[in-house]
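**Student:** Next come the chains, spelled out residue by residue.
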Amino acid sequence: MADLKVNIGKLELKNPVITASGTFGYGEEYSDFIDLNRLGGIIVKGTTLHPREGNSYPRMTETPSGMLNTVGLQNKGVDYFIEKIYPRIRHIDTAIIVNVSGSTVEEYTATAEKLASLENIPAIELNISCPNVKKGGMAFGTSCSGAGSVISAVKKVFPKTLIVKLSPNVTDIAEIAKVAEAEGADSISLINTLLGMAVNAETHRPVLSTITGGLSGPAIKPVALRMVWQVYKTVKIPIIGLGGIMNDTDAVEFLLAGATAIQIGTANFIDPQVTIKVIDGLNTYLDRHNIKSITELTGSLII
Amino acid sequence: MADLKVNIGKLELKNPVITASGTFGYGEEYSDFIDLNRLGGIIVKGTTLHPREGNSYPRMTETPSGMLNTVGLQNKGVDYFIEKIYPRIRHIDTAIIVNVSGSTVEEYTATAEKLASLENIPAIELNISCPNVKKGGMAFGTSCSGAGSVISAVKKVFPKTLIVKLSPNVTDIAEIAKVAEAEGADSISLINTLLGMAVNAETHRPVLSTITGGLSGPAIKPVALRMVWQVYKTVKIPIIGLGGIMNDTDAVEFLLAGATAIQIGTANFIDPQVTIKVIDGLNTYLDRHNIKSITELTGSLII
Amino acid sequence: MRKYIQNLQVVNKQILSEEYYLLELKSLQSLPEILPGQFAEIAITGSATFLRRPLSIHDVDYDRNTISFLVQIVGKGTKYLANIEPGKFLNVIFPLGKGFGLINNLEKALLVGGGCGIAPLLYLARHLYNKGVSISTLIGVRSSMQFIEVDKYKLYGKVLITTEDGSEGTTGFVVNHPVFEQLSQFKKIYTCGPDVMMKAIAKKAIASGVDCEVSLENSMACGIGACLCCVTETIEGNKCVCTEGPVFNIKYLKWQI
Amino acid sequence: MRKYIQNLQVVNKQILSEEYYLLELKSLQSLPEILPGQFAEIAITGSATFLRRPLSIHDVDYDRNTISFLVQIVGKGTKYLANIEPGKFLNVIFPLGKGFGLINNLEKALLVGGGCGIAPLLYLARHLYNKGVSISTLIGVRSSMQFIEVDKYKLYGKVLITTEDGSEGTTGFVVNHPVFEQLSQFKKIYTCGPDVMMKAIAKKAIASGVDCEVSLENSMACGIGACLCCVTETIEGNKCVCTEGPVFNIKYLKWQI
Ligand SMILES: Cc1cc2nc3c(=O)[nH]c(=O)nc-3n(C[C@H](O)[C@H](O)[C@H](O)COP(=O)(O)OP(=O)(O)OC[C@H]3O[C@@H](n4cnc5c(N)ncnc54)[C@H](O)[C@@H]3O)c2cc1C
Ligand SMILES: Cc1cc2nc3c(=O)[nH]c(=O)nc-3n(C[C@H](O)[C@H](O)[C@H](O)COP(=O)(O)OP(=O)(O)OC[C@H]3O[C@@H](n4cnc5c(N)ncnc54)[C@H](O)[C@@H]3O)c2cc1C
Ligand SMILES: Cc1cc2nc3c(=O)[nH]c(=O)nc-3n(C[C@H](O)[C@H](O)[C@H](O)COP(=O)(O)O)c2cc1C
Ligand SMILES: Cc1cc2nc3c(=O)[nH]c(=O)nc-3n(C[C@H](O)[C@H](O)[C@H](O)COP(=O)(O)O)c2cc1C
Ligand code: FES
Ligand code: FES
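Residue numbers (this note's numbering), protein chains in the order written: chain D, 127 to 429; chain R, 127 to 429; chain B, 33 to 289; chain P, 33 to 289.
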């Protein structure tokens, strides 16, 4: 049994396998299938200051080795989370991280401030990369000034571990990562979805209600790996890598490219037990390669 | 039999199906499998002023629904093309378009100038988007000033149809397309490959000799469609759409999103006869939908 | 209700027509309780499909420990399953969703299935029959050649038929059937099929004051309430079809009809 | 040489061991001429693989109109083919590449195959045998249990064996076989196998002044010279293995050995 513990800022995770926001509900949805206590962390659904109904149906379509979604941050707002959901999930023995979104800097800070008081929420993940909302969202994540302003403001009100989730829809991901680090992010997670689109050739209509949506799944893995690698060469804070991870081999690839931990998103839809399989698989992998601690893998790509 | 003719600038194509640069050699490689005269156009391998050996092996790897390549513009230079290759292929009854690359603006213009004199080369495609070369290449395609400088310089020496091929590795593709149009491009083709990476989890090494490479194939189709749509809403010049087209349905999707013609790249590797199947399929599609001319499809997405 | 993920063995495959087939899967454990109208998410690995495919539970045989599906071939996944051989295993998540509203003092119900929409109605029909409900099942298909399952529904009540080409029963669409002229004889309508059909039925149900439930087939990524992709607009806002449905009372939906 | 794209029918599949199998495909047209050392690109549709898979032509039977492949299971595609049933069709592009250099006045040749590298050597052996060449075939495998094809090679000459576990023949790697101590008896070495093995053999060949050809298995996207992905460094620059090879004379390669 190798040591799977990793540190993300002040936060120690029992293993590097975290569930990605928007793909794992509040964890409860998966409790029939796996022991949630075994996870390294759970990142819950994108949460905003006010309740949001999200976008209209249709919200998703399958693509080659992936899917497009345009959920649009449907959630009941941070107060509902704190009152109704948090009490139900706070006792899960894993790091419960809230993914925070907003349309303005003030919305981000107000949400983060409310979450700061919750004992069993050791970290938040700032989503400055959602492609499926009209205002804010990805706009913050695709410019350095946008990213900088949100992060520095949130940092002031949220003293615990601050993870910033970056958008891949940029010319230079390393540049944005550098700003995030400079403004006080404790960790960077990447990637969010690639902006994509689907068309129905028979009806001549876009498949998604919002025309474009976010592409996830194995299709984007090569792009995600590349960005993790680029960011790893640029910043010192730990990176959480994600994008198309389907199994332990994929997870190892992200660690080698520079990730300290990984998230699993879309794969949960195909196999609700995938997270546990990846944890077990990482263990086996480390033993087989005679590696004592998983932290040794991070960035150890031989070039 | 519907009318498949389309116009790209001053150039009329007998149908909108063109082969993508770097995936179809000089056409000859496919002559055992299809009648090259049936194609709308052939875009030959990326050509540079001086001969290039390209990158080291390994140059490719399969990815989920796609592949990564790092050929690095291996070619024998424009003079060799003019002397040895052009005489062999000039009589193919299709639009033969040369894909031009360079490390400096001068290299682009010198190459374009030489090609301008070839009677049976009605157009060139400026590749300002190659992710696999150290100098130039994508650097020109990821900034507006870079793109602008190359295009305006080449425009001065190449009076025939000038197609500019854009890189998808940017924050705002519409912005770059606007510059291309303003500087005199007759048409925009997109997308080139997405920058990606692959890691071998067993050897701990990158799979490609250059670590990163270009992602192509169906995996990128949603991104390509989205960019065609974004650019269609921004510019007036015709768009040539590509990225993951595998069949006639995919081709129709690109036309609906705003493309006037399409290119087929990676799909040729899987089925060397795919281009002809797409041409036939488009015909059937138009007849079935009672559409007289394929130009009616361009941008006709119902939203 | 607890959800299960199991590898179920294909024990029977029956081609009904060019388009339709039955697939019977056996659990090596004992089956949990399954309600009429619930569905399953089937993983299709090693093919060009990516996500699981949702299919209504067509029938349940607790004695043989099997569940079956009535499937229409529309694309890659349904074609793949049509070619699977008995003996093979499929990874299935089930039972999912809430199923049909099963009230106790129901006397007379009309079940309406359009095309493959009849899939969830067989198990429902037997369930209602066993509870003493008098049922009529109206099946609408394109042509008589399309379907050969009618006899099964006859076990539980009257069967009415419409075909678009007039090759059997009433000619035309489901809603053209005369039964809709005496709709108030029924206390409840259960229906599944294309949206346009269900909306037309909903309209008639409202006009006649008959309670009506529809089973939706929104596209789904997870099937378990985690992704929020499958929502339908209700009077209480967007609700997941996979967990709050797939069956909804039309009173609850914000349908423009 | 003209290349063909055809749907070939699987007429025979023979599992040789856990790892290896033979696949025999029949052309419904008549086969074109195929040279020893050429290969084919096989499309694997409806599975999780994307590109075609290159496989050396292991044997050709012009009477039965079949070509066969000796395949080692290493991943998705080779596993998929291992499970394909006779009767099915596979889309194949062939014959590809230039094959082995077949000189006329060759007296004695050594064929060396490491693992699945023996695949292209059977057809070569018969070809040489028919031309009156005296051949020795050295086969190196991990264990005697791995391979059951030895008898076929015996038809055309002497067979030498090394196993890593010593279960048959000489213990150790291919290059440990005593034949390499009398290498100059051969006029030519033909070899296919892992790069390290071929490099070790090339070294010995150079030392003994024996002409040596190696068959490379560079990763390929197109197989027909269009993509330039499969290059190897030669004294004339980067050359495509799929069109200029897969067989190269080691004199031509820029190998660091
Ligand atoms: C709760 C539920 C229960 C269902 N029960 C059954 C059943 O019992 N029997 C049955 O045959 N089918 C049923 N379906 C529909 C079935 O899930 C789809 O037909 C199937 O997923 C299509 O997969 P495919 O790979 O064959 O087609 P694909 O290749 O994925 O698609 C083929 C075509 O169908 C369209 N399509 C696919 N799925 C949907 C969808 N959900 N809504 C609208 N268009 C779609 C695609 O856009 C495409 O045009 C049900 C769906 C749901 C959500
Ligand atoms: C000209 C040529 C002739 C060949 N002849 C034969 C033959 O006769 N019999 C036979 O069994 N195999 C042969 N091969 C190798 C065969 O093509 C690969 O084993 C096959 O493509 C692997 O496909 P897969 O989907 O099973 O494995 P994948 O799932 O694609 O890969 C499995 C593992 O193998 C590695 N891999 C795959 N292909 C290659 C490669 N070309 N080089 C290095 N590593 C690779 C991958 O990186 C991965 O680690 C030949 C290859 C070439 C280029
Ligand atoms: C249905 C769906 C909903 C998502 N919702 C969110 C969200 O609310 N907040 C967020 O930061 N990312 C969201 N994402 C993005 C994922 O967290 C993840 O970044 C992306 O899907 C790439 O990882 P994957 O390929 O493993 O899914 C969502 C993704 C999907 C597929
Ligand atoms: C092996 C390979 C080589 C390529 N070489 C070039 C090139 O020389 N010039 C260029 O502009 N694009 C080149 N491309 C990019 C393709 O022309 C095309 O833009 C890209 O592959 C996306 O289309 P596809 O998904 O249909 O392949 C190359 C792509 C591949 C796969
Ligand atoms: S399909 Fe995921 S929430 Fe319903
Ligand atoms: S594999 Fe494409 S050139 Fe050799």
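One or more hints might be untrue.
[What the hints assert, rightly or not] Chain D side only, calculated, beta carbon under 7 angstroms to chain B, not exhaustive: (1) 180; (2) 186; (3) 209; (4) 213.
[Stated by the list, open to error] The calculated DSSO-like cross-link candidates involving lysine-lysine, where the alpha carbons are at most 30 angstroms apart (straight line), are: (5) R:403 with P:58; (6) P:120 with B:108; (7) B:120 with D:403; (8) P:140 with P:186; (9) P:286 with B:45; (10) P:140 with P:45; (11) P:286 with P:140; (12) B:140 with B:108; (13) P:186 with B:120; (14) B:120 with P:45; (15) B:283 with D:202.
Rather than coming from a laboratory, the hints here were simulated on the basis of the structure. Yeah, the Cβ is synthetic: ideal placement off N, Cα and C, and Gly gets one too.
**Student:** Hey, residue 140 (chain P) versus residue 186 (chain P), does the alpha-carbon distance stay inside 30 angstroms?
**Tutor:** Holds: residue 140 (chain P) and residue 186 (chain P) sit about 15 angstroms apart, inside 30 angstroms.
**Student:** With a cut-off of 30 angstroms on the C-alpha distance, tell me whether residue 286 (chain P) and residue 140 (chain P) pass.
**Tutor:** With a Cα-Cα distance of about 26 angstroms, the restraint between residue 286 (chain P) and residue 140 (chain P) holds, given a limit of 30 angstroms.
**Student:** Does the interface hint hold: is residue 209 (chain D) within less than 7 angstroms of chain B, judged Cβ to Cβ?
**Tutor:** violated, 18 angstroms
**Student:** Against the 30 angstroms threshold, does the CA-CA distance of residue 286 (chain P) and residue 45 (chain B) hold or violate the hint?
**Tutor:** violated, 58 angstroms
**Student:** Checking one constraint from the list: CA of residue 120 (chain B) to CA of residue 403 (chain D), max 30 angstroms. Satisfied?
**Tutor:** The given pair, whose Cα atoms are some 22 angstroms apart, holds under the 30 angstroms limit.
**Student:** At a threshold of 7 angstroms, is the proposed contact between residue 213 (chain D) and chain B supported by beta-carbon distances?
**Tutor:** At 19 angstroms from the nearest chain B Cβ, residue 213 (chain D) fails the 7 angstroms test, so the hint is violated.
**Student:** Are the Cα atoms of residue 120 (chain B) and residue 45 (chain P) separated by 30 angstroms or less?
**Tutor:** holds, 20 angstroms
**Student:** How about residue 180 (chain D): closest beta carbon in chain B under 7 angstroms, or not?
**Tutor:** holds, 6 angstroms
**Student:** Given the hinted pair residue 140 (chain P) and residue 45 (chain P), is their Cα-Cα distance within 30 angstroms?
**Tutor:** It is violated: about 33 angstroms lies between the C-alpha atoms, which goes past 30 angstroms.
**Student:** Holds or violated: residue 283 (chain B) with residue 202 (chain D), Cα cutoff 30 angstroms?
**Tutor:** holds, 23 angstroms
**Student:** Hey, residue 186 (chain P) versus residue 120 (chain B), does the alpha-carbon distance stay inside 30 angstroms?
**Tutor:** violated, 40 angstroms
**Student:** Does the structure keep residue 120 (chain P) and residue 108 (chain B) at a Cα separation of 30 angstroms or less?
**Tutor:** Status holds; Cα separation ~18 angstroms.
Of the numbered hints given earlier, the model fails hints 3, 4, 9, 10, 12, 13; all others are met.
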